[in-house]
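Assemble the complex: chain A is given as a structure, and chain B must be docked to it using the hints.
There are 2 protein chains.
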Amino acid sequence: MNIGVLGTGQVGEAIASALIKKGHNVRMGSRTVNNEKAVDWMKRSNDHASIGNFADAASFGDMFFLCLNGNVALDALRSIDIEDTRGKIIIDVTNPLDFTHGMPPRMLEGLGNSNSLGEEIQKALPDAYVVKTLNTVNFKLMVDARQVNGGDHHLFFCGNNPDAKNKVKHFLVDNFNWRSDHLLDLGGIESSRAVEAIVPFWVLVQQSIGTPLFNFKIVK
Amino acid sequence: MNIGVLGTGQVGEAIASALIKKGHNVRMGSRTVNNEKAVDWMKRSNDHASIGNFADAASFGDMFFLCLNGNVALDALRSIDIEDTRGKIIIDVTNPLDFTHGMPPRMLEGLGNSNSLGEEIQKALPDAYVVKTLNTVNFKLMVDARQVNGGDHHLFFCGNNPDAKNKVKHFLVDNFNWRSDHLLDLGGIESSRAVEAIVPFWVLVQQSIGTPLFNFKIVK
Numbered sequence: 021m022n023i024g025v026l027g028t029g030q031v032g033e034a035i036a037s038a039l040i041k042k043g044h045n046v047r048m049g050s051r052t053v054n055n056e057k058a059v060d061w062m063k064r065s066n067d068h069a070s071i072g073n074f075a076d077a078a079s080f081g082d083m084f085f086l087c088l089n090g091n092v093a094l095d096a097l098r099s100i101d102i103e104d105t106r107g108k109i110i111i112d113v114t115n116p117l118d119f120t121h122g123m124p125p126r127m128l129e130g131l132g133n134s135n136s137l138g139e140e141i142q143k144a145l146p147d148a149y150v151v152k153t154l155n156t157v158n159f160k161l162m163v164d165a166r167q168v169n170g171g172d173h174h175l176f177f178c179g180n181n182p183d184a185k186n187k188v189k190h191f192l193v194d195n196f197n198w199r200s201d202h203l204l205d206l207g208g209i210e211s212s213r214a215v216e217a218i219v220p221f222w223v224l225v226q227q228s229i230g231t232p233l234f235n236f237k238i239v240k
Numbered sequence: 021m022n023i024g025v026l027g028t029g030q031v032g033e034a035i036a037s038a039l040i041k042k043g044h045n046v047r048m049g050s051r052t053v054n055n056e057k058a059v060d061w062m063k064r065s066n067d068h069a070s071i072g073n074f075a076d077a078a079s080f081g082d083m084f085f086l087c088l089n090g091n092v093a094l095d096a097l098r099s100i101d102i103e104d105t106r107g108k109i110i111i112d113v114t115n116p117l118d119f120t121h122g123m124p125p126r127m128l129e130g131l132g133n134s135n136s137l138g139e140e141i142q143k144a145l146p147d148a149y150v151v152k153t154l155n156t157v158n159f160k161l162m163v164d165a166r167q168v169n170g171g172d173h174h175l176f177f178c179g180n181n182p183d184a185k186n187k188v189k190h191f192l193v194d195n196f197n198w199r200s201d202h203l204l205d206l207g208g209i210e211s212s213r214a215v216e217a218i219v220p221f222w223v224l225v226q227q228s229i230g231t232p233l234f235n236f237k238i239v240k
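Protein sequence lines, in the order shown, are assigned to chains A and B. The opening residue of the first sequence carries number 21 in this note's numbering; numbering runs sequentially from there. The opening residue of the second sequence carries number 21 in this note's numbering; numbering runs sequentially from there.
If we strip away everything but chain A, and leave its shape as in the complex, we get:
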């Protein structure tokens, strides 16, 4: 499968690297094609790896991951040809966090409570199927659920298209070792509000227990 990964940070690199190892063709997209981190990643990668700008990566992928900082994600999407996103699944890993006011972090102005980054991304790319997921776990765990408690913990999904959510679930099971019965559908893309809003809590738990390698398991 051809997959775009927009973003060159820890999350983008972890996802891109995991996917080329699985045999997918991955194009990592950044603002400028000669982005140092992207160039460095490609040098260290196998021949399934390529790089480009955001528009290249979106165009290349049959689907693509959004792994951008919350404060630049919407701006980055403006450089994409919207026609290149028609009918494509977009896995939205972003969080609209604002760390500038200390702890706990806040949601960026206008992107909390009555709105979310997931919804804004869906509005920006109306012909794509945005699925919000993976945003509630550390990047190492995203690409290998077994890193924590043998994979026995939960991941949350939301998005407007049930078929797209189903495909993403299968994708995460097949590629990142998530357990299919541990993937919880929380509704339409407006549920991004609630799923993004738990991330400040996640940050406090990380501080309290001293490791980012943890997750929430729903127990009954």
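Read the hints as simulated data drawn from the structure, not as lab findings. No experiment lies behind these values; they were computed from the predicted model shown. Some hints here could point you the wrong way.
One copy or two, it doesn't matter: identical chains are merged, so the pair holds either way.
Unchecked claim - Each computed EDC-like pair below joins lysine to aspartate or glutamate, with the alpha-carbon atoms no more than 16 Å apart:
{"id": "1", "residue 1": "Lys-240", "residue 2": "Asp-164"}
{"id": "2", "residue 1": "Lys-237", "residue 2": "Asp-172"}
{"id": "3", "residue 1": "Lys-41", "residue 2": "Asp-194"}
{"id": "4", "residue 1": "Lys-108", "residue 2": "Asp-194"}
Chain B only, in chain A's frame:
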């Protein structure tokens, strides 16, 4: 111990009933002393139960629980004599939720992201030790942690006074069957922002799994 319980809803009744069974003297407080639910509760209870208005319950308790709806909690506190709260522990179970806009619920205007109900309660009662906890679980689980997964799941605390948090932890272990190593300190009362903000997410999980009798277990 003499304990006040402010609020006559499911949460207040569950807590008050559990405490009189443990032998504590409990005064349930409501806006008016002849509140039907409070009168009914006292009739069904043992002689450790008494009722009064909010001020009576706060004055009676060596500590007290705040079990009010988020949209009336601050108003209710205005009827309390602030001198009656000096040096007392207040266990704040409130959530500033607004269900008037559909799902997911929102945080009440002015009480999300850069503020919280926990912080406002501490500001309203500056000489009391406010400890935010229990607000992330169903009322049946609050008073008996073993109702879910044998008690193997987590509860979160925040508050400005370490000694008060410690006393509340012991209280919950002794009275409500919480496990001491499953009680996570998330910092000062400003962490209420993050702890209150996960409740809309809790509501979506409840909808998805079909029961309010669940909790989050932190797994590493």
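Quick rundown of the hints versus the structure:
Proximity of Lys-240 to Asp-164 under the C-alpha cut-off of 16 Å is restricted to the inter-copy arrangement: shortest distance 13 Å between copies versus 25 Å within a copy. Both within a single protomer and between protomers do Lys-237 and Asp-172 lie at most 16 Å apart by alpha-carbon distance, with minima of 7 Å and 11 Å respectively. In this homomeric assembly, Lys-41 and Asp-194 come within 16 Å of each other (Cα to Cα) only inside a single copy, at 13 Å, whereas the closest approach across copies is 51 Å. In this homomeric assembly, Lys-108 and Asp-194 never come within 16 Å of each other (Cα to Cα): the closest approach is 19 Å inside a single copy and 54 Å across copies.
Hint check: a violation occurs at hint 4 only; the rest are consistent with the structure.
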